[in-house]
Amino acid sequence: MTFLTIVLRSLTQRPVRTGLTLVGISIGIAAVVALVGMAWGYEKGITKQLDVMNIDVVVSNMSGGIMPKVFDQSLQGEIAKLPRVAEVTSTLMQMLSVEDAPIMMISGREWGGFVWSMLKVVEGRLPKDGSEKVVVLGHLAAEVLKKKVGDTVQIETSELPVVGIVDGQAMVENGTIFLSLEVMQEVTGNQGKVNFVDIRVPPNSPRSEIDLLCKDIKQIFPAGRATIAKEVVGTSQGFRVARAMSWSTAILAIIVGVLGVMNTMLMTVFERTNEIGILLAVGWKRRRIVYMVLCESALLGLLGGLTGVALGVLGLKILQTVPSIRGMLEPDLSPPLLLTSVAIAIVVGVISGLYPAWRSSRLSPALAMRS
Amino acid sequence: MKRNPSFNSRSKIWLRAILLGATVFSVQLRAEDPAPTAAAMAASLSARLQDGSAVVRLKLDVRQPTAGGATALQLQIKSRRTKAATELVYQVLWPKERKGESFLVRKTPGNAATGSIFLLPDTLRPLTAAQLKEGIFGSDLSYEDLVENFYAWEHQTLVGTESIGRVACQILESKPSKGDHSGYTSVRSWIDPKKMVPMRIEKFVGAQMARRLETTRVAEDDTDKPVPASLSVQRPGKDSVTELEGSKSRHGVIFTDADFTPEGLKTLTTPK
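If you read the protein sequences in the order shown, they are chains A and B. The first sequence begins at -14 in our numbering and counts up by one. The second sequence begins at 23 in our numbering and counts up by one.
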């Protein structure tokens, strides 16, 4: 009988207990994959959106609410006058429940601003000018709203014809309803107001220059904040909270998994006191006994991790098909997350096995064989 | 199975230490967080309700599982809430065939609520006292529920504590006096004392619960104030469930008096 056979046999001897322990770890790891995958995916989506639009600096007045507060559009003109600014455009963005759909992003963009050029028309056309009272839909938004070119979309009190379907090249953009800033301000009763000013700096501007620009903006807009686009996700309080919440929930699930594995391993050690005594009596070193128990718990972790990753991925795929979520969720299921999850499971297994392993190594061969 | 006696005694010491730590911690928490009185809590909630002029966007879903029916409406609410009066205009934005349907309801302290309704294509009529007790747009929430500020009633008592979800709530019981003209004999609110948001409201007629409102989501409004953003309303013994999902609010909106007249119901515009 080899070392590996002994390890495997102890797990297969109690299939129900091993199975239930695996379920415990799997649920924990599935929670890690699902929650962290969603948080990372959302962060990546926003980063990609800003990348696609080629924005260098974002100016907003973020408060505790879901969207930044509105401010006067005249700020755009003041920012445009600052040195180190190549292009500047304004947006009024809101999250609104539209018709029968859940809350969606509605983006009113200054007509002629550089952010329009990133939208690729899939069907129909873009608005003719800034005053045309029409919308274009990201293709996911069109799917969620069940709209095609020629239909109308009700935003606030206005019914606006859909003139185009676009590919926004990022998940967030594809789930958005676009209209000109002028029309957006009119239909939402926010005349002269915006909640984002997007800035491009001259190509190859050094970081120090962009930092200086952010300081200049802070001086003319003390209530707001200028953030380097690449750092929007990292500095956003909302993202930090989402990240912390997803990890803390996942850690709780992992703790449950640790306790499950520890319980199983302790039971295994207690039940196999006699066997461990024999192994010690025939010359096995205590270190080898510790190694054996740790291998068993690590193996439990590995199997639980693999099952958990599969469960998590499956759960997210199912979630993506739920009508109220479709188009809003682009989880990050990249290899780093999946491998990290399996690694966490193995570490959880090893940690859970430490105490049982220590207990088993403390057994006296004579007493163990008598028990 | 024989246990190691020294291990057992060590465990007991640890357990005692943890329990002692937890007790000290919880005592310290309580000492730092004195509970407000019923009157103070009610006054604070009442003041929060009287938040001036605002426009709110809301989705209202009425589900009747047994009958298999479901209604979804997108609503625009214009509100003017002050100590002197509460005036509300609810207007249907969507679906298209009901766009423009609206009602006005008003209440001043010491008087019964009054209201008017505008039905398509062109019917404008006052709401009778009996109709004001009926559900708005066929929902489980009555017209009177919308304007009644039971936190301004004279009789307020804290009757206990209970956790809703993970939120430790204070239960505030409000009882109307004759001048309050309420259809209810008492209202119990489960208040999150940190956010000052009601997490559950139960309205009673005699000993019978007439309505239960559950807050399903709390969010900060445009003034950074925590508010119930999603609500679920049920009437015991009734099959239907009403869900209200708020998506936007804007305070400091300028209304004219004409906006809060029966004639004003015929005009559907986005307030500036």
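The set of hints was computed from the structure by calculation and includes no laboratory data. A few of these clues could be false.
[To be verified] Just some of the chain B residues that point at chain A, by a computed CB distance under 10 Å:
| hint | residue |
| --- | --- |
| 1 | Leu80 |
| 2 | Ala94 |
| 3 | Ile99 |
| 4 | Ser161 |
| 5 | Asp162 |
| 6 | Arg210 |
| 7 | Asp214 |
| 8 | Lys216 |
| 9 | Phe226 |
| 10 | Val227 |
| 11 | Gly228 |
| 12 | Gln230 |
| 13 | Glu267 |
C-beta atoms are modelled at their ideal positions from N, C-alpha and C, and glycine is treated no differently.
Here is how each hint holds up against the structure:
Because the closest C-beta pair between Leu80 of chain B and chain A is about 8 Å apart, less than 10 Å, the hint holds. Below 10 Å, beta-carbon pairs count as interface contacts, and Ala94 of chain B has one with chain A at about 5 Å; its hint therefore holds. The closest approach between the C-beta of Ile99 of chain B and any C-beta of chain A is roughly 12 Å, which is over the 10 Å cut-off, so the hint fails. Look at Ser161 of chain B: its Cβ only gets to about 16 Å from chain A, farther than 10 Å, so that hint breaks.
For Asp162 of chain B, the interface hint is violated, since its Cβ never comes within 10 Å of a Cβ in chain A; the closest pair sits about 20 Å apart. Interface restraint check: Arg210 of chain B against chain A, minimum CB-CB distance 29 Å, threshold 10 Å, status violated. Using the Cβ-Cβ criterion of 10 Å, the hint placing Asp214 of chain B at the interface with chain A is not satisfied: the shortest such distance is roughly 16 Å. Taking 10 Å as the C-beta cut-off, the interface hint given for Lys216 of chain B is violated, the closest approach to chain A being about 14 Å.
Below 10 Å, beta-carbon pairs count as interface contacts, and Phe226 of chain B has none with chain A, the closest being about 32 Å; its hint is therefore violated. Because the smallest distance between the Cβ of Val227 of chain B and any Cβ of chain A comes to about 33 Å, over 10 Å, the interface hint for this residue is violated. Look at Gly228 of chain B: its Cβ only gets to about 37 Å from chain A, farther than 10 Å, so that hint breaks. A cut of 10 Å between beta carbons decides the hint on Gln230 of chain B: the least distance to chain A is about 34 Å, and the hint is violated.
Evaluation of the Glu267 of chain B hint against chain A yields a held restraint, the C-beta minimum of about 6 Å falling below 10 Å.
Violated hints, in rising order: 3, 4, 5, 6, 7, 8, 9, 10, 11 and 12; the structure is consistent with all others.
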